[in-house]
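Residue numbers (the numbering used here), protein chains in the order written: chain R, 1 to 308; chain A, 309 to 605.
Don't take every hint at face value.
Stated by the list, open to error - Covered stretches of chain R (in silico footprint by chain A; criterion: 3 or more residues with CB under 8 Å from a CB of chain A, positions within the stretch not fixed):
#1 22-29
#2 75-89
#3 106-117
#4 120-132
#5 159-172
#6 235-248
#7 267-277
No lab work stands behind these hints, which were simulated from the structure alone.
Here a beta-carbon is modelled for each residue, glycine too, at the ideal position from N, C-alpha and C.
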Amino acid sequence: MAVGTAQPPVRRGFRLSVGARNQIYGLIFISPWLVGVLAFTAYPILASLYYSFTLYNVIQEPRWVGLQNYVVMITQDPQFPIIIYNTIYFVVIGLPSAIVVSFLLAALLNNPMVGRPVFRTIFFLPSIFPVVAVAMVWLWIYNPNYGLINSSLAALGLQVIPWLSSPALAKLSLILIGVWGQGATIVIFLAALQDVPRELYDAAKVDGATGFHRFWHLTIPLCTPSILFVLITGLIGWFQYFTLPFIMTQGGPVQSTNVYAYYLYQNAFTFFKMGYASALSWILFVIIVIFAFLAFRSSGKWVYYAGG
Amino acid sequence: MTELSATVQREVSQPSVRSAHRGQVLSRVVLYAVLIILSLLFLMPLLWMVSTSLKDTVQTYTVPPIWVPWPMRFQNYPEALVAQPFGTFFLNTFQYAFLSGIGAILSASVVAYGFSRIPWKGRDVLFFVCLCTMMIPFQVRMIPLYLIFRNLHWLNSYNPLIIPAYFGSAYYIFLLRQFFMTIPHELSEAARIDGAGEFSIFWRIILPLARPAIAVVGLFQCIDAWNDFIGPLIYLNQPTLFPVSLGLQRFLGQFVEKLAWPYLMAASTVVILPVVVVFFFTQRTFIEGIAVSGIKG
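Using the sequences plus the hints, can you model the full thing?
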């Protein structure tokens with residue numbers, strides 16, 4: 001027997017290929033998400049679809065009614081066009097306002113300066129305030145007689161502004177609060193702006209581009225990926241707008257701030273019309289997907305990815 | 309050398325350069341002026357809140373508005389916090405915010421590891437699905453979730469607010485996955501060749517490297533839980549269990565008829581304060597976390 005004969009160790013059991021081993025490990029690692037998405041997302045979505053075809057008041061068993069909820073929603077419910085209009089108003093006016101203001105503030109912060117962290121903190125903080133506290137503070141600011149702005153106006157002998165009592169103004173008043181709380185967006189845009197290479201600005205300056213020209217044709221296009229991100233996450237968020245109208249105006253005055261999510265909540269937890277609320281939620285889902293898809297589709301035309 | 313500097317000196321003193329300089333100084337002044345004005349505008353609600361919280365009834369309803377009440381009524385704070393059991397509300401919120409923060413860290417890191425550090429079939433498709441779930445509005449899951457938790461007898465407990473955090477949230481998974489992907493593959497490969505199991509690579513190599521990103525996840529989830537309103541609104545209706553968000557809203561219902569704005573502002577200040585304090589200690593983590601999610605997005 002030759003000493004040191006190299007014998008391969010006897011393998012007990014079977015040996016997995018690298019691919020199979022990786023496959024199993026991969027699935028094990030993502031299993032919390034897999035279980036969670038099935039239990040807390042997939043199942044609820046399908047259950048919601050089922051309930052949307054029923055009348056369900058929680059006390060009694062769901063009663064199948066086919067498309068009745070959807071038909072009633074579109075043809076008979078007088079609130080439905082109101083909530084659609086209000087919600088689209090918030091999305092179409094609120095989101096672009098938030099994006100534009102945040103971008104401009106970020107552009108301001110992007111200049112060489114002393115104390116940028118201080119200014120950035122001031123703009124950012126409102127975005128992490130508990131929303132209930134925000135509602136309280138602004139309810140008081142918007143107080144018709146003694147609120148910050150109105151009492152100042154009254155002292156000057158000017159007319160007070162019906163911030164939350166005028167149907168025409170209420171939505172804008174709420175949007176203002178939303179714009180005030182866009183701190184996270186400002187931070188995202190600032191990071192994107194700081195990513196723009198200085199050399200490009202210098203080259204543009206040499207070519208004689210003015211400040212505005214540089215901003216419009218250089219800065220903005222190079223930030224379009226972040227703008228797209230903010231746009232899509234913003235769409236998803238603003239369509240679900242709920243808490244401020246719920247706490248501050250309860251959908252009023254005269255239904256002017258009755259947004260989709262508020263009406264949905266009422267149907268589910270105040271009127272206990274779970275079937276109808278489920279139908280409403282699916283329509284909202286479809287609307288959001290359509291808008292997000294359109295935004296994404298359009299992005300090919302206006303989003304510029306530097307470096308692929 | 310002297311010739312060059314003389315040239316430069318002549319250049320700098322030319323009227324065109326001087327006025328360009330003046331233009332530069334002017335634009336800096338304008339910049340700071342604008343920033344300071346905007347900062348004051350942004351701070352005004354906060355300042356007004358604190359200012360009102362220290363007023364008595366007479367000062368509150370004075371026209372024109374008083375900014376610095378004198379004397380300052382500090383007892384508004386203890387009086388407000390006793391009117392509702394705010395101590396309980398605070399403890400409640402700490403409790404489930406902390407537990408859900410841990411859950412977010414554990415689940416997001418494990419799942420993100422699976423989506424980034426191991427090559428397997430279907431990985432990227434499933435990750436795309438994971439991302440798509442972010443598009444799903446809460447409303448469409450809300451009612452069945454409520455019914456599920458009702459059937460589990462989890463209503464009026466913190467389980468609906470804590471347990472789902474242990475199953476991964478798409479946003480945190482996305483954040484950590486992007487981060488994990490920046491760690492060189494050679495590190496994992498070397499460990500694998502040395503015979504290390506996947507779990508120990510995860511625990512001993514990747515996690516320690518990802519400490520800043522994990523801090524972001526924990527921090528964001530805790531703040532999110534602190535600020536959460538809809539979740540507690542739907543799942544809790546026993547006042548002793550209320551977190552600060554519901555407690556504060558209930559406060560509004562209790563006081564609005566009596567028009568006790570100073571108390572409401574004092575309570576609001578106290579509810580906002582922890583978030584501000586946490587922010588000041590974790591600024592860098594916060595800002596970087598948000599910036600990263602926006603760029604890589």
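Item to check | Claimed coverage, the segment 75-89 of chain R by chain A - three or more beta carbons nearer than 8 Å | outcome: Coverage by chain A is violated here, the residue count being 0 at a Cβ distance below 8 Å.
Checklist entry - At a Cβ distance under 8 Å, does chain A reach at least three residues of the segment 159-172 of chain R? => result Coverage by chain A is violated for the segment 159-172 of chain R (0 residues, Cβ < 8 Å).
Next on the checklist: If you count the residues of the segment 267-277 of chain R with a beta-carbon closer than 8 Å to a beta-carbon of chain A, do you get 3 or more?
Outcome noted: With 4 residues closer than 8 Å to chain A, the segment 267-277 of chain R meets the three-residue bar; holds.
Checklist entry - Do three or more residues of the segment 106-117 of chain R come closer than 8 Å to chain A, measuring C-beta to C-beta? => result Check passed, 5 qualifying residues.
Next on the checklist: Three residues or more, CB to CB closer than 8 Å: is that satisfied between the segment 235-248 of chain R and chain A?
Outcome noted: The restraint on the segment 235-248 of chain R holds, since 6 of its residues have a Cβ under 8 Å from chain A and three suffice.
Checklist entry - Count the residues of the segment 22-29 of chain R with a beta-carbon closer than 8 Å to any beta-carbon of chain A: does the count reach three? => result As far as the segment 22-29 of chain R goes, the hint holds, because 7 residues have Cβ atoms under 8 Å from chain A.
Checklist entry - At a Cβ distance under 8 Å, does chain A reach at least three residues of the segment 120-132 of chain R? => result holds (count 12)
Checked against the numbered hints listed earlier, the structure breaks hints 2, 5; every other hint is satisfied.
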